[in-house]
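There are 2 protein chains.
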Amino acid sequence: MKVGFFQFLPAHRDVEANLAHIASALTRVEADFVVLPEMCTAGYLFENPKELARYAEPVPDGRSCQAIGRISRERKMNIVFGMAELADGRIFNSAVMATATGDFHVFRKAHLFVDEKDIFSSGDMPFPVFTVAGIKVGMLVCFDHFFPEAARSLALAGAQIICHPSNLVLDVAQKTTVARAIENRVYWILANRIGAETRHGKTLHFTGHSQVVAPTGRLLARVGEETEELQVVDIDPALALDKHATPRNDLFADRRTDLYRL
Amino acid sequence: MKVGFFQFLPAHRDVEANLAHIASALTRVEADFVVLPEMCTAGYLFENPKELARYAEPVPDGRSCQAIGRISRERKMNIVFGMAELADGRIFNSAVMATATGDFHVFRKAHLFVDEKDIFSSGDMPFPVFTVAGIKVGMLVCFDHFFPEAARSLALAGAQIICHPSNLVLDVAQKTTVARAIENRVYWILANRIGAETRHGKTLHFTGHSQVVAPTGRLLARVGEETEELQVVDIDPALALDKHATPRNDLFADRRTDLYRL
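The listed protein sequences derive, respectively, from chains A and B.
For what it's worth, the working numbering labels the leading residue of the first sequence as 121, then goes sequentially.
For what it's worth, the working numbering labels the leading residue of the second sequence as 121, then goes sequentially.
One copy or two, it doesn't matter: identical chains are merged, so the pair holds either way.
Result set (DMTMM-like, lysine to aspartate or glutamate): computed pairs, CA atoms no more than 25 Å apart in a straight line:
(1) 295 / 354
(2) 196 / 223
(3) 295 / 362
(4) 295 / 370
(5) 256 / 378
(6) 237 / 378
(7) 237 / 370
(8) 295 / 356
(9) 363 / 244
To be clear, the hints were calculated from the coordinates, so they are not data collected in a lab.
Please read all numbers here as calculations on a predicted model, not as lab measurements.
Taking the hints into account, I'd like the entire structure generated from these sequences.
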C-alpha cells in the first residue's frame, strides 16, 4: 500500500488557488492515502471568528470537500486535508478524509494551540477510527500530537495509520510522532506546511520536515524544512496489527491499567 | 541543582565488586541526584527464580541498600539504583532511592521485559512520587518507558524529575524518553549500562547512551554506547513545575480527559 504526504505552502485566503494547486500536484502521484497540511485550503492566521467564518465550510457540501472529493474519486486516492469546518454555527479546526469511494470522514482538533482558542471551537470527537480500503485509520491535527492520550485512544480503537495534518511552528513533533509510532506500533503520516504567514502584526514561520514513521519508529520518509514535497512510500499496514515490541511483549496486553493514575 | 548518571558495566553476580566500584566512582562527583543502571548490583541475566533469589535483597536491610545508603549519607547525595528486591517471598526488579537523609524509597518495575516475566514479579505500585530535597521525584525501570501512561502517571502526581535506571538492549528509549520529557515537561535521567552478558546460552548487548533531558526535550547530556561515563549537569527543577508549552497551552490543563478512551 502506498501512503504519503504533500507538503506545500498554502496561499493565504485564496481557496481557489489552493484547490487548484492540490489538484495539480496530486496528478503527479499514485497513492492509497495522501495527507495534506492543517488548514491548507485557506491558510492559518485569522484574527477573529468573523474573519475565519468567511473561510469556514460545511462538510461535505463546501467547495473544498467537493473539489477534493472529486480528486479522490477520480484518482482512487484517499485524501486527508485540514480545513475550517462550519457545523451548527461553530467552527472547528478539522481534518477531513475524502475517500476514493466518495465518503467523507471528519476529526475535529481536540487540543487547540495558542490563539486558535480565540477563533475555533474545541473538538468534540472521542478520537474516531474509520475503516477505509480495509484499513483502520485515525486522524489528529497538529498540536494533538503533544498529548499521548490522543494517539493512544486511536490506537486502542484499532487505528493502523494515523494521519496528521499540521501547521507546525515548533520543532518537537518530529520527535513526539516517532515516539507515538513506537509506543502504539502504528504508521504515522505527518504532513506539515512550509513558509510564513503574517496577519495583523503577527508572523508565524512553519517548519516543514513532514515525515512517515513505521511502527518500529523507523523513518520511511522525512523531507526538508522549506521545500514543497510530494512523497509516497510503500507500507504494509498489517504490521500495525501486531503490537509485539518483542516476542513476549504485546504493548497493549502489557499495559498496567490497574496501576495508571490518569 | 546537580543531577546525573553513572553508566558502567556491572560485574555479573559479583555484588561486592559492584558496590566497591560504585563507591569509588561516586567519590569523583558532587551531585544532588545520581542515577545508576537497572540491576546494577548483581547484573541482569538469571536463568530462573532460584538463581535470581541468591542475589535478591530486602530493602533497606540488604547489603546493597546498606552500602549505597552509607555513600548517600556521607556524600549528601540521593542515589537511585536498580536491584533485585526480595519482599514477602517475591522478587521485584526495583529502583531504590537511597536519600542523603537516610531514607529509602522503592519503585517496582511495572512492565516486565521478555524473559523477566519468568523470574520477577510484576510491580504492584501505582507510580509513587517522593519528595526529596524539596523536589518531587519519580522512578521508572527500563521498559516502563515504552508506556506513556507510566511517565504520565508520575508527572500528574507532581514528579519534576523522573529517574530511569535501565538495561537497554533496543535503541528506542533515547527517543521515547525525549518525548516523555516534552509531553510531561519533566526532567528525565536515563541511566543505562554498557557491555554484554552471557548466561545459559543467551547473550545480551547493552546499548549505553545514557542521557539527561530537559522539560523542553533538549538533551543536557548524552554519552557514548560503550564507555563508562559519570556525568552531572545543572538543572532548575522549578522549570518542571510549569506545564506551559506555550503561554496559552498548559499541557495538563489542556488535556481532554472528556474525550480520551484509555
